[in-house]
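Participant: Plus 423 on top of the position in the sequence shown (first one is 1) and you've got this note's numbering.
Just to be clear, a hint being listed does not mean it is correct.
[What the hints assert, rightly or not] In the SDA-like style, the derived pairs of lysine to any residue whose C-alpha atoms are separated by at most 25 Å in a straight line are:
#, residue 1, residue 2
1, LYS770, LYS580
2, LYS731, ARG751
3, LYS638, ASN794
4, LYS758, THR690
5, LYS707, ASP728
6, LYS744, SER784
7, LYS712, VAL726
8, LYS638, SER648
9, LYS770, TYR634
10, LYS580, ASP663
11, LYS744, THR811
12, LYS683, THR805
13, LYS683, SER698
14, LYS720, GLY688
15, LYS707, ARG751
16, LYS638, ARG804
17, LYS574, SER453
18, LYS638, ILE767
19, LYS683, ILE767
20, LYS683, GLY649
21, LYS659, GLN671
22, LYS809, SER698
23, LYS720, SER698
In case anyone wonders, no lab produced these hints; they're calculated from the structure.
The model shown is predicted, which means the values in this text are computed figures rather than measured ones.
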Amino acid sequence: MAACVNYLPLFILSLSTAYFAPVQSGVGFSAQLIHRDSPRSPFHNSSETHSQRLTNAFRRSINRLSHFNTSRHELQSNQDAPLFDPKSSSTYEPLSCLSTECKGLNATIDGTFCPPKAGDSTCLYTYTYGSGFTNGDLATETITLTSVSGKPIAFPKTIIGCGRNNSGTFNKEEFGIIVLGGGVVSLVSQLVPSIDGKFSYCLVSTPDMPYYSSKIYFGANAIVSGHGVVTTPLAKKNPDTYYFLTLQAISVDDVIIEFKGSAFGTTEGNIIIDSGTTATMLPKHFYLKLESAIASKIQAKRVHDPNKVYGLCYKFNSNFKVPKIVVRFAFASVKLDPLNTFIIESKHVGCFPFLPTDNGSAIYGNMNQMNFLIGYDTVKRTVSFKPTDCTIH
424 MAACVNYLPL
434 FILSLSTAYF
444 APVQSGVGFS
454 AQLIHRDSPR
464 SPFHNSSETH
474 SQRLTNAFRR
484 SINRLSHFNT
494 SRHELQSNQD
504 APLFDPKSSS
514 TYEPLSCLST
524 ECKGLNATID
534 GTFCPPKAGD
544 STCLYTYTYG
554 SGFTNGDLAT
564 ETITLTSVSG
574 KPIAFPKTII
584 GCGRNNSGTF
594 NKEEFGIIVL
604 GGGVVSLVSQ
614 LVPSIDGKFS
624 YCLVSTPDMP
634 YYSSKIYFGA
644 NAIVSGHGVV
654 TTPLAKKNPD
664 TYYFLTLQAI
674 SVDDVIIEFK
684 GSAFGTTEGN
694 IIIDSGTTAT
704 MLPKHFYLKL
714 ESAIASKIQA
724 KRVHDPNKVY
734 GLCYKFNSNF
744 KVPKIVVRFA
754 FASVKLDPLN
764 TFIIESKHVG
774 CFPFLPTDNG
784 SAIYGNMNQM
794 NFLIGYDTVK
804 RTVSFKPTDC
814 TIH
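Working from the sequences, and respecting the hints, build out all of it.
Facilitator: Encoded structure:
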């Protein structure tokens, strides 16, 4: 069998050639999340300025938005990183067209394909997600995750995709993707028996990124509790890959702007929470009301963004005061820190990290998630927010 790219919605961490006993329920472990722009990342470009990195991140948000609403594009990935050779793994097992996994996934992902009278030939899959697509061979493999404790934890017979035709917002050094979405073949969904459907993450703020790593937690380590926690339900909608929340309003000091809905729905499940999108994206008519409310509260000189990405920017000075902004989800009001609501675009210019969408989509991006411990419970179907200093959590 030829080499391929490890893709599908699962992983690219480490593959095991040894035998491990199945992991029992109640397991807890954690790992570092290293942002692509962090000096600790192999993709860090030291020649870029802080402003250039922010601009590129926001432009990736705009590009990513198009993948939430369009079909895949047939592009071949050009990869310089080592390809995964299934023949080198003793635990890699291709799934046949006769397997229950192949037949079962046909109704839950974009599709599995077998030619007429395929018999026990290898099951082929195709899968689209927020920032691209992948297709190739369906298989199982032992996935070994190395936690921050240094102890590896193995998960035998995890369904993976050995991708042969892939497209997404990746460069030549990247060789796979972990998807933590709600679909049945995501890493989280497959590990439900071991992690009880729980995971959480804590994203460090942009100023802290050069010095600290974000963290992701699974299972018993992922519980979000204590003072300041607010919890909102996950809405059950299609596609189930995405996590849909219900946004009711955003308040700016004493001004409450009701959210009338998006392309995803008028009431329940009208916004996606996505850690892979930098900016928070809102329908244009709502964004303009929000921008106007914020502008009316800020007594500072408004300036144009030279990179033409942000709509609301100000000249920063010692007297610059950010209004209190609260994102009001169903049963959960999330008060944003000034670091979540204005980013330093250049030395003396700060910009509002929200963008309007012409197609009516709504996405709660990672700029607004920084310095919050955010926990997902896919069994109880909830998302919890807790203000947290992510440099020490």
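Participant: With reference to the structure, classify each hint as holding or not holding.
Facilitator: Structure-based check of all given hints:
Taken as a hint, the LYS770 and LYS580 pair is broken in the structure, with Cα atoms around 51 Å apart against an allowance of 25 Å. Between the alpha carbons of LYS731 and ARG751 the distance comes to roughly 29 Å, so the proposed pair goes past 25 Å and is violated. At most 25 Å may separate the alpha-carbon atoms for a hinted pair to count; LYS638 and ASN794 meet this at roughly 11 Å. Under the criterion of a C-alpha separation no larger than 25 Å, the hint pairing LYS758 with THR690 is consistent with the structure, at around 21 Å.
Restraint check: the Cα-Cα separation between LYS707 and ASP728 comes to about 18 Å, which is no more than 25 Å; the hinted pair holds. A distance of roughly 30 Å separates the Cα atoms of LYS744 and SER784; the hinted pair therefore is violated under the 25 Å criterion. Simply put, LYS712 and VAL726 have alpha-carbon atoms about 19 Å apart, close enough for the 25 Å limit, and the pair holds. Our distance criterion of 25 Å between C-alpha atoms is met by LYS638 and SER648, whose separation comes to about 17 Å.
With a C-alpha separation of about 19 Å, the suggested pairing of LYS770 with TYR634 holds against the 25 Å cut-off. Between the alpha carbons of LYS580 and ASP663 the distance comes to roughly 23 Å, so the proposed pair stays at or under 25 Å and holds. For the proposed pair LYS744 and THR811, the alpha carbon gap of about 22 Å is at most 25 Å, so the pair holds. Between LYS683 and THR805 the alpha-carbon distance is near 22 Å, which keeps this suggested pair within the 25 Å criterion.
For the hint pairing LYS683 with SER698, the CA-to-CA distance comes to about 23 Å; that is within 25 Å, so the pair holds. Straight-line distance between C-alpha atoms of LYS720 and GLY688 comes to about 30 Å, which puts the hinted pair past the 25 Å bound. The hinted pair formed by LYS707 and ARG751 meets the criterion: a straight-line CA distance of about 18 Å does not exceed 25 Å. Taking the CA atoms of LYS638 and ARG804, the gap is about 22 Å. The hint holds against a cut of 25 Å.
For the given pair, LYS574 sits about 10 Å from SER453 by alpha-carbon distance, which is consistent with the 25 Å threshold. At roughly 23 Å between alpha-carbon atoms, LYS638 and ILE767 fall within 25 Å of each other, so this suggested pair holds. Of the pairs offered as hints, the one joining LYS683 and ILE767 is violated, with about 30 Å between alpha carbons and a cut-off of 25 Å exceeded. Distance hint between LYS683 and GLY649 is unfulfilled; the C-alpha atoms sit about 32 Å from each other, more than 25 Å.
Taken as a hint, the LYS659 and GLN671 pair is honoured in the structure, with Cα atoms around 17 Å apart against an allowance of 25 Å. Annotation: proposed proximity of LYS809 to SER698 holds, straight-line Cα distance about 16 Å (limit 25 Å). Only pairs whose Cα atoms come within 25 Å are accepted, and LYS720 paired with SER698 is rejected, the gap being roughly 29 Å.
In the structure shown, a violation is registered for the earlier hints numbered 1, 2, 6, 14, 19, 20, 23, in ascending order.
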